[in-house]
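A.B. asks: As you go down the protein sequences, you meet chains A and B in turn. Heads up: the first sequence at position 214 corresponds to 214 in UniProt numbering, and the numbers run straight through without jumps. Heads up: the second sequence at position 370 corresponds to 370 in UniProt numbering, and the numbers run straight through without jumps.
No wet-lab data here; the hints were simulated from the structure. In this text, a Cβ means the ideal position worked out from N, Cα and C, and glycines have one as well. Treat the hints with caution; some may be incorrect.
[Claimed, not checked] Facing chain B, according to a computed beta carbon distance under 10 angstroms, are these residues of chain A, among others:
1. Val58
2. Gly218
3. Ala221
4. Thr228
5. Thr243
6. Leu245
7. Gln251
8. Cys254
9. Cys259
10. Pro278
11. Ser280
12. His311
13. Arg315
14. Leu328
15. Arg361
For reference, the chains in residue letters:
There are 2 protein chains.
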Amino acid sequence: MKRTSRDIRTANRYGVLRHVVAQSPVSRQEVAAATELSPATVANLVGELLDLGMLVEVGYEDSDGGRPRGLVAVNSSGAALIGVDVAETYIHVELFDLALTVLARADEELRPRENDPGKVVAHIADAVSSVVEQAGVAADRVLGVGVSMPGQVDREGGVSVFAANWDWHDVPLLRLLAEHIPYPLYLDNPLRACTVAEQWFGAARGRNDAVVVNLGTGVGAGLALGGTLHRGVSNSAGEWGHTTLVLDGRQCHCGNQGCVETYVGAPGIMRNLRELSPDSPLLHPDDQTATIEALGRGLMEGDPVAVKVVHTTARYLGAALADLINLLNPEVIVLSSWVAAALGEPLLAEVRAAVAGRALRRPLANTEIVLCPIPSNPVSLGAATFALEGSLASVGRKNRRTTPGDRATPRNRATPRDRTTPS
Amino acid sequence: MKRTSRDIRTANRYGVLRHVVAQSPVSRQEVAAATELSPATVANLVGELLDLGMLVEVGYEDSDGGRPRGLVAVNSSGAALIGVDVAETYIHVELFDLALTVLARADEELRPRENDPGKVVAHIADAVSSVVEQAGVAADRVLGVGVSMPGQVDREGGVSVFAANWDWHDVPLLRLLAEHIPYPLYLDNPLRACTVAEQWFGAARGRNDAVVVNLGTGVGAGLALGGTLHRGVSNSAGEWGHTTLVLDGRQCHCGNQGCVETYVGAPGIMRNLRELSPDSPLLHPDDQTATIEALGRGLMEGDPVAVKVVHTTARYLGAALADLINLLNPEVIVLSSWVAAALGEPLLAEVRAAVAGRALRRPLANTEIVLCPIPSNPVSLGAATFALEGSLASVGRKNRRTTPGDRATPRNRATPRDRTTPS
Ligand SMILES: [Zn+2]
Ligand SMILES: [Zn+2]
């Protein structure tokens with residue numbers, strides 16, 4: 001009973017803007033056809049987005065024999081969005097225009113001793129100031145800042161990160177950031193950022209049920225079901241990396257054994273390589289990135305060890321993806337993140353074959369498996385998209401742009417839960 | 001982009017009626033509080049349900065010092081619903097009043113040679129006629145007939161059943177049934193019927209994200225996510241029984257190896273027993289039902305073999321349920337169907353312990369695991385509920401009650417897809 005007609009209106013606003021971002025310039029009639037919304041609803045939502053300065057009228061096109069049709073386009077310079085990708089060793093910040101084109105970038109390195117909350121917040125605030133200054137954007141044009149944190153983000157904006165050199169437990173990050181950053185803030189993790197990026201700009205656009213599988217050091221599955229991000233009751237859905245593939249199998253850092261991640265995450269793939277060929281020159285024992293890149297080059301050159309490692313990895317990954325297909329029956333599975341990018345098409349081909357040998361016929365026939373088609377960093381793009389969604393969700397609740405004073409008080413910040421279920 | 005404001009209105013209608021069914025008599029104010037809908041919306045929806053004859057005004061209650069509040073209740077005798085549970089060896093039909101109280105029952109046995117589509121349809125039609133006659137209900141009071149088929153049901157109402165003595169491949173069952181049954185028809189499978197029953201009358205009521213795990217000969221997981229049934233792109237989501245628990249493990253009839261079903265379905269539990277104690281008197285080699293019942297009695301008596309078999313089964317089941325918790329982060333997991341009923345509380349206790357040892361801390365802390373609390377057959381109840389939902393979804397599209405002629409033509413039948421996404 002938590003979805004309201006306001007949620008539907010917000011979702012429709014997303015749908016209209018998504019289509020205009022992708023197809024500008026475009027007529028209202030085309031938007032209606034693509035979104036399956038009524039012409040009246042589209043006219044109304046387009047009017048709202050024009051009033052907000054997010055769209056502009058850009059002329060007319062002839063329609064066969066009928067009246068010329070008005071065209072609208074994204075008002076690229078109408079506003080700016082900022083996406084922040086915090087990883088274990090760096091902070092990457094991008095400022096986008098409304099067409100989600102990058103206008104400015106800033107990077108900060110995080111040294112091993114610099115990951116306490118105060119230092120991380122200072123680095124983020126510096127990088128945000130830097131991109132705003134570089135782009136020469138007026139502060140009141142910044143619709144919001146999306147921040148992706150490599151960990152668990154709770155409803156109140158607390159963050160827990162358990163990584164090699166990190167140990168954050170329920171750090172009130174949203175509050176700390178709000179003390180230093182004068183824009184609306186939206187906080188989530190990379191898994192969900194990538195999923196939202198695919199929904200707006202990638203392979204999940206226009207799909208009702210999609211799964212975005214992140215293959216990196218850790219692995220996870222972002223779930224876009226019924227057209228919306230599935231978060232679960234405590235915003236922690238998607239921990240596919242910690243589902244069991246081999247009962248009593250390899251030890252996982254989560255405490256369980258045989259988790260998917262231990263077979264198809266970067267350290268798992270290194271182990272697959274070590275088990276097949278312990279002395280392979282492809283193996284860089286202390287460097288995941290170098291090993292995965294060496295495997296990628298090996299595949300291109302037809303190196304038999306690289307081919308075999310990817311075949312073995314694809315057998316594990318295929319079984320674990322077949323589980324997602326059988327359980328969720330999605331239209332598309334997108335393979336994302338740096339391991340998927342490094343192993344690319346050869347991995348995809350092997351994975352498709354492995355899945356075909358395991359998934360049930362009927363859901364299998366309805367699922368496509370593709371590589372992430374987004375050419376830039378999907379995490380900072382997705383983080384900025386959270387800010388875009390947040391500002392669209394708040395339309396009609398209060399006009400933030402005319403009351404900038406409101407934005408500086410933490411109690412007005414949108415929390416992750418606010419973004420999806422405005423009350 | 002497929003959800004519309006009509007969908008929201010339909011979902012809100014479900015929510016209001018669900019609450020009134022559970023709490024009759026009840027005031028609009030209480031309904032508004034329980035559903036989180038505005039008082040105006042509730043007043044409007046209650047008015048609609050009063051006009052339809054589904055609710056009645058039943059008097060007033062005092063409110064502290066204020067005006068007396070009007071009470072509404074379900075108009076039990078206002079209409080009837082029929083639920084059909086087709087299994088491999090029987091057909092069980094129940095006719096319910098609007099409070100979902102059973103008014104009449106009919107059972108038909110299906111002999112091994114009687115499962116061709118024509119014979120099954122004739123048995124269903126006979127049983128439906130029988131319950132209408134027994135209950136003495138006028139034909140125009142029957143809102144619809146929900147039919148649960150033990151197989152895959154596609155969007156157009158075709159059914160495939162692959163069971164011991166069955167081999168139905170894309171049988172156009174909805175069309176065949178429509179030739180013999182003069183009521184609106186709604187077709188789906190037992191997994192989804194049980195899930196809808198839990199949403200309306202059981203442990204999923206008022207929960208946004210719930211998983212209903214069916215433990216029978218086959219096993220599956222009905223997914224109620226974001227408050228609605230998740231069907232997937234080809235209406236085949238929920239095949240958790242065919243996700244991999246043990247890579248390269250026990251051979252499954254689906255062609256894969258190591259599926260969850262081979263460890264925790266009734267034949268899998270028999271195998272667990274046979275591996276632990278091949279000569280146990282609990283084992284009835286050709287009779288699943290007798291074996292599971294013997295295990296249930298053994299648990300009550302503290303039989304060490306029964307205790308050990310359930311411990312082993314719970315270890316498998318706990319790992320597979322932890323997968324659902326980590327991936328979907330639900331509020332509640334409901335254990336349903338005859339195996340869960342037969343092994344009851346002792347199984348539940350072992351399963352909770354096994355899950356606690358495997359699931360991630362954060363989603364685990366937010367998930368309850370319970371036994372199905374519905375005292376009657378949840379499949380026929382859920383099938384009837386599909387008919388109730390279907391009639392609520394069609395309110396405002398056309399008034400079926402005043403144009404009964406419409407109902408007899410197959411092209412007006414709601415298909416499974418129609419029920420969830422009215423266009
Ligand atoms: Zn794990
Ligand atoms: Zn199977």
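A.B. asks: Taking the hints in turn, state whether each one holds.
C.D. replies: We went through each hint and held it up to the structure:
Below 10 angstroms, beta-carbon pairs count as interface contacts, and Val58/A has none with chain B, the closest being about 23 angstroms; its hint is therefore violated. Nearest Cβ of chain B to the Cβ of Gly218/A: about 12 angstroms, over the 10 angstroms cut. The hint is violated. Given hint, Ala221/A at the interface with chain B, holds; its Cβ is 7 angstroms from that chain's nearest Cβ, closer than 10 angstroms. The interface hint given for Thr228/A is met, as the beta carbon of that residue sits about 7 angstroms from the closest beta carbon of chain B, less than 10 angstroms.
A cut of 10 angstroms between beta carbons decides the hint on Thr243/A: the least distance to chain B is about 4 angstroms, and the hint holds. Interface restraint check: Leu245/A against chain B, minimum CB-CB distance 6 angstroms, threshold 10 angstroms, status holds. The restraint placing Gln251/A at the interface with chain B is violated, with a minimum CB-CB distance near 13 angstroms, outside the 10 angstroms limit. A cut of 10 angstroms between beta carbons decides the hint on Cys254/A: the least distance to chain B is about 6 angstroms, and the hint holds.
A hinted interface residue such as Cys259/A counts as satisfied when its beta carbon comes closer than 10 angstroms to some beta carbon of chain B; here the least separation is about 9 angstroms, so the hint holds. Taking 10 angstroms as the C-beta cut-off, the interface hint given for Pro278/A is violated, the closest approach to chain B being about 22 angstroms. For Ser280/A, the shortest C-beta to C-beta distance to chain B is roughly 24 angstroms, which exceeds 10 angstroms, and the interface hint is violated. Evaluation of the His311/A hint against chain B yields a violated restraint, the C-beta minimum of about 15 angstroms exceeding 10 angstroms.
At a threshold of 10 angstroms, the smallest CB-CB gap from Arg315/A to chain B is about 8 angstroms, leaving the interface hint in force. Given the 10 angstroms rule on beta carbons, the hint for Leu328/A holds: about 6 angstroms separates it from the nearest Cβ of chain B. Hint status for Arg361/A: holds, given a least beta-carbon distance of 9 angstroms to chain B, under 10 angstroms.
The structure shown violates the earlier hints numbered 1, 2, 7, 10, 11 and 12.
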